[in-house]
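Protein chains: 2
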Amino acid sequence: MSTEKLPTRSENFSEWYNQVIQRAEMADYAPVRGCMVVRPYGWALWENIQQALDKRFKATGHVNAAFPLFIPMSFLEKEKQHVEGFSPELAVVTIGGGEKLEEPLVVRPTSETIIGYMYSKWIKSYRDLPVLINQWGNVVRWEMRTRLFLRTLEFYWQEGHTAHATAEEAVEETVRMLNVYTDFAINEAAVPVIPGKKSETEKFAGAVDSYTIEAMMGDTRALQAGTSHFLGQNFARAFEIQYLDPNNSLQYCWTTSWGLSTRFIGAIIMTHGDDQGLILPPRLAPIQIVVVPIYKNDQEQSKVFAAVQQVEKQLSAWRFKVDLRTEVTPGFKFNDWELRGVPLRIEIGPKDVDHGVVTLARRHLPGKAGKSTLPVDQLSIQIGNVLDEIQAALLERATHFRDEHIFDPNNYEELKEVVQNGWAFSWWCGSAECEARVKEDTKATTRCMPLDQPEGKGTCIVCGKPAQRKVYFARAY
Amino acid sequence: MSTEKLPTRSENFSEWYNQVIQRAEMADYAPVRGCMVVRPYGWALWENIQQALDKRFKATGHVNAAFPLFIPMSFLEKEKQHVEGFSPELAVVTIGGGEKLEEPLVVRPTSETIIGYMYSKWIKSYRDLPVLINQWGNVVRWEMRTRLFLRTLEFYWQEGHTAHATAEEAVEETVRMLNVYTDFAINEAAVPVIPGKKSETEKFAGAVDSYTIEAMMGDTRALQAGTSHFLGQNFARAFEIQYLDPNNSLQYCWTTSWGLSTRFIGAIIMTHGDDQGLILPPRLAPIQIVVVPIYKNDQEQSKVFAAVQQVEKQLSAWRFKVDLRTEVTPGFKFNDWELRGVPLRIEIGPKDVDHGVVTLARRHLPGKAGKSTLPVDQLSIQIGNVLDEIQAALLERATHFRDEHIFDPNNYEELKEVVQNGWAFSWWCGSAECEARVKEDTKATTRCMPLDQPEGKGTCIVCGKPAQRKVYFARAY
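Chains P and F are the protein sequences, given in the same order. The first sequence runs 231 to 707 under the working numbering. The second sequence runs 231 to 707 under the working numbering.
So here's chain P without its partners, still in its complex pose (with noise of 0.2 Å):
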């Protein structure tokens, strides 16, 4: 760990960030430009965010496959929205064992052309319905600028891609994987996000329809934290999945596609961290508790580690891990875990020993107020709680953070305004025009109109025409 100090958030919060995930070791720059290395420490939490969602994807009956990482150019441009959307940003293998190859293979930036051609060939009648995979991997795509976790040229994602005989199923089940990412990370990362669906102009390139979570990070910027598509027939048609229907009569399917990356760990860090480093929600952390003996000389520290002993026997259920380390003093292991920002710290030293307790740290709460002591005996039953009033704090916190950035402004000149330090919770009558304009003055775009909408209509906050829905416009990773 640098000894040097970290740049405070309200300074410079995109250093903050860059530092904060190198000096944690979540993640370090790749030789090649643009990607990233995940190291253990950040694995660990996308292992935990993985597992977190394939359980939920398995409860609603979806399993996992694996298709190729090639996919031929001429798929991607059977679907015209599709390609005109992905050509800037393709990586293209043009030599493989040598040879000049005849037609280039796309590394795939996403996988609805490949997965649709399989699906022609997999699905024949209305039994083979509905087609439910989910696929982990890794996608590229070739962006000029990058940041660590939030836009990178290779990042890794679940992709769920799903064919259904009716639109009214397939709408089904895009709303249904839009609930299960907002369920995941309300309760899971503690990231309270808004689920809503995008404009026509921020809509997937392929899509009917795109539904989004957005999140508010810790300087007020949105960011689009996981994404749920109708694709009506497009994909269908471009790929000719098709299936015989009870009456014997050959029909389109209608498909959807989903995914999270982990662009989503970048979601974590930014909207929990503080000025020492990470805060990572209990849940997900690789590392729940760390335990930091505390002694000065031989004697207490055989006192010490004998209650060491006892205290990791009671905390076989979490994810822990005791600090042994010599050379380092134990203010060192304060701050060096506070920046990996494991949530809870146990303390032991000789006084603690002699009243047969624990000193407990809460990471979000520094300092004295996140202190309190607990019998030893107690800590198998007791810090399960304690790890969940952390993690509900985090919830808490978080939400009333972006409640207070949330502002609905009288009028345009009082939009401009508020979009620079928060979002702006609007009319809007829906025309990519006003959209544009507000992108043009503001920089904000519009992030999602909720799924859950007020009563009533109201007139746009741009050109003052009527208005059916409300809409968030932010300024936006």
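By construction, these hints were calculated from the structure, which means they are not laboratory data. Here the structure is a predicted model, which means the values were calculated and not measured. Glycine residues also receive a C-beta, built at the ideal position from the N, C-alpha and C atoms. A couple of the hints might just be wrong.
Rough simulated footprint, nothing fancy, chain P against chain F, three-plus residues with beta-carbon under 8 Å [stated by the list, open to error]:
1) 258 to 265
2) 575 to 587
Below, a list of computed lysine-lysine pairs in the DSBU-like style, where the Cα atoms sit at most 30 Å apart [stated by the list, open to error]:
3) LYS533(P) / LYS543(P)
4) LYS543(F) / LYS285(P)
5) LYS288(P) / LYS285(F)
6) LYS285(F) / LYS563(P)
7) LYS533(F) / LYS543(F)
8) LYS288(P) / LYS563(F)
9) LYS351(F) / LYS551(P)
10) LYS288(F) / LYS563(P)
11) LYS433(F) / LYS308(F)
12) LYS551(F) / LYS330(P)
13) LYS354(F) / LYS563(P)
14) LYS288(F) / LYS551(P)
15) LYS308(P) / LYS351(F)
16) LYS543(P) / LYS288(F)
17) LYS551(F) / LYS598(F)
18) LYS354(P) / LYS288(F)
19) LYS354(F) / LYS526(P)
Computed, partial: chain F to chain P, Cβ under 10 Å [unchecked claim]:
20) ALA296
21) PRO302
22) TYR347
23) ARG371
Starting from the known structure of chain P, fit chain F onto it as the hints suggest.
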């Protein structure tokens, strides 16, 4: 499921293999030459393999991480033997974001080079050692002759990469991971592998010593099912992976790498399968038990379904499926699940219900031999034992088959004969010339010098010179 009969293993093993994989919906050919799609049933098997291995990796102190898919071409060139070994097999990205790249990027065929580069950044002091990192991911090798699971352009695997302060520790790690693979293969997959050392000719490009687990397939050919490499200081010198020792003097690290891939699925299929289809070992099978209700009319149906519900409650600790399809007969279902290799079938008919029993049918013992009845209320107590017995029986059968097909020929003429239908276990002088002669005469290669060597010395089966070690010669996949 196709109703056409599978080719038998004895008439066409290779065609049996291809068809059983596709009919059981384990995998399918992708529209890109040499690539495969791993379908949900195959991927569920891989997920179980991953869990069984990952648990062992973590128990031996390893952590997971993720390194980039793309490697600068110049990195591969830093280790001479490595680039010679891999350059004919590379897929190369030459275009990114619409522009020709200044330096082409290789799609990783294996990650020693890029991981070596990162280790040289991360490792400073002896306190940072050992570094014990594993990666689960995809790699690409441009193979000309491909076969589902066994050899595909893209495949899935784990690759462990470790760095140590001393040669002894690195060798110890290499052998430790070979033992982990052996333990996994035997105790989870019921594949009785032989762990041993590769010859100089057969070792990994860039290794000092390569170790392997070799398995015998149902046609007696050998399959290299996992490898573990002692890399010496080859990659440490190429990438300057150095550390300060306790005397503050700069030293090169000693590194290892080890991998096991989706190829292992091929090993499971070809070890256990029979003319009816797959036979999956219970510990790894995606579906351990299938329940097939049998009834002729509504009255029987309601009686049988009530019993099925009771059975379901007792099976909650296992991976099971109840086949409720109405459009096919029980006989069709039996064949279908036999093709898919589900190790245990539970049949419930009206007579079973009358007697308070269920009928068990063990996949590896077709017909009456594998059938027995069990009182319904004994299911949750007994079913674990039944699955354990099946697991043990598969291992015993495969071991017996292997041992029956390992020969100790008396002379070179006999060797040439026995390797047509088995392995030869013979003294070998160690020379590449003798290896090459066997290969030319018989297509058999040296598979490994087992760790467990017989006492004494002998004379080379090929040239008659003194020999220190026995080696397995076999035709291999």
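So, going through the hints one by one against the coordinates:
1. With 5 residues bearing a CB less than 8 Å from a CB of chain P, the segment 258 to 265 of chain F meets the requirement of three and the coverage assertion stands.
2. Counting residues of the segment 575 to 587 of chain F whose beta carbon lies closer than 8 Å to any beta carbon of chain P gives 0, which falls short of the minimum of three for the stated coverage.
3. A hinted pair counts as satisfied when its Cα atoms are at most 30 Å apart, and LYS533(P) with LYS543(P) qualifies at roughly 16 Å.
4. This hinted pair checks out: LYS543(F) and LYS285(P) have alpha carbons roughly 21 Å apart, not beyond 30 Å.
5. Between the alpha carbons of LYS288(P) and LYS285(F) the distance comes to roughly 21 Å, so the proposed pair stays at or under 30 Å and holds.
6. Pair hint LYS285(F) plus LYS563(P) holds up; C-alpha atoms about 29 Å apart against a cutoff of 30 Å.
7. Straight-line distance between C-alpha atoms of LYS533(F) and LYS543(F) comes to about 16 Å, which keeps the hinted pair within the 30 Å bound.
8. Proposed proximity of LYS288(P) and LYS563(F) is supported: the alpha carbons are some 24 Å apart, at most 30 Å.
9. Note on LYS351(F) and LYS551(P): the hinted pairing holds, with a Cα-Cα distance of about 25 Å set against a maximum of 30 Å.
10. Pair hint LYS288(F) plus LYS563(P) holds up; C-alpha atoms about 24 Å apart against a cutoff of 30 Å.
11. Only pairs whose Cα atoms come within 30 Å are accepted, and LYS433(F) paired with LYS308(F) is accepted, the gap being roughly 19 Å.
12. Taken as a hint, the LYS551(F) and LYS330(P) pair is broken in the structure, with Cα atoms around 48 Å apart against an allowance of 30 Å.
13. The hinted pair formed by LYS354(F) and LYS563(P) meets the criterion: a straight-line CA distance of about 20 Å does not exceed 30 Å.
14. Between the alpha carbons of LYS288(F) and LYS551(P) the distance comes to roughly 14 Å, so the proposed pair stays at or under 30 Å and holds.
15. Our distance criterion of 30 Å between C-alpha atoms is broken by LYS308(P) and LYS351(F), whose separation comes to about 44 Å.
16. With a C-alpha separation of about 19 Å, the suggested pairing of LYS543(P) with LYS288(F) holds against the 30 Å cut-off.
17. Restraint check: the Cα-Cα separation between LYS551(F) and LYS598(F) comes to about 23 Å, which is no more than 30 Å; the hinted pair holds.
18. Taken as a hint, the LYS354(P) and LYS288(F) pair is broken in the structure, with Cα atoms around 43 Å apart against an allowance of 30 Å.
19. For a cut-off of 30 Å, the pair hint linking LYS354(F) to LYS526(P) stands: about 29 Å separates their Cα positions.
20. Hint on ALA296(F) holds. Least Cβ distance to chain P is approximately 4 Å, under the 10 Å limit.
21. Evaluation of the PRO302(F) hint against chain P yields a held restraint, the C-beta minimum of about 6 Å falling below 10 Å.
22. A cut of 10 Å between beta carbons decides the hint on TYR347(F): the least distance to chain P is about 6 Å, and the hint holds.
23. At about 9 Å, the closest approach between the beta carbon of ARG371(F) and any beta carbon in chain P falls short of 10 Å, and the interface hint on this residue holds.
This entry does not satisfy hints 2, 12, 15, 18, going by the numbered hints stated previously.
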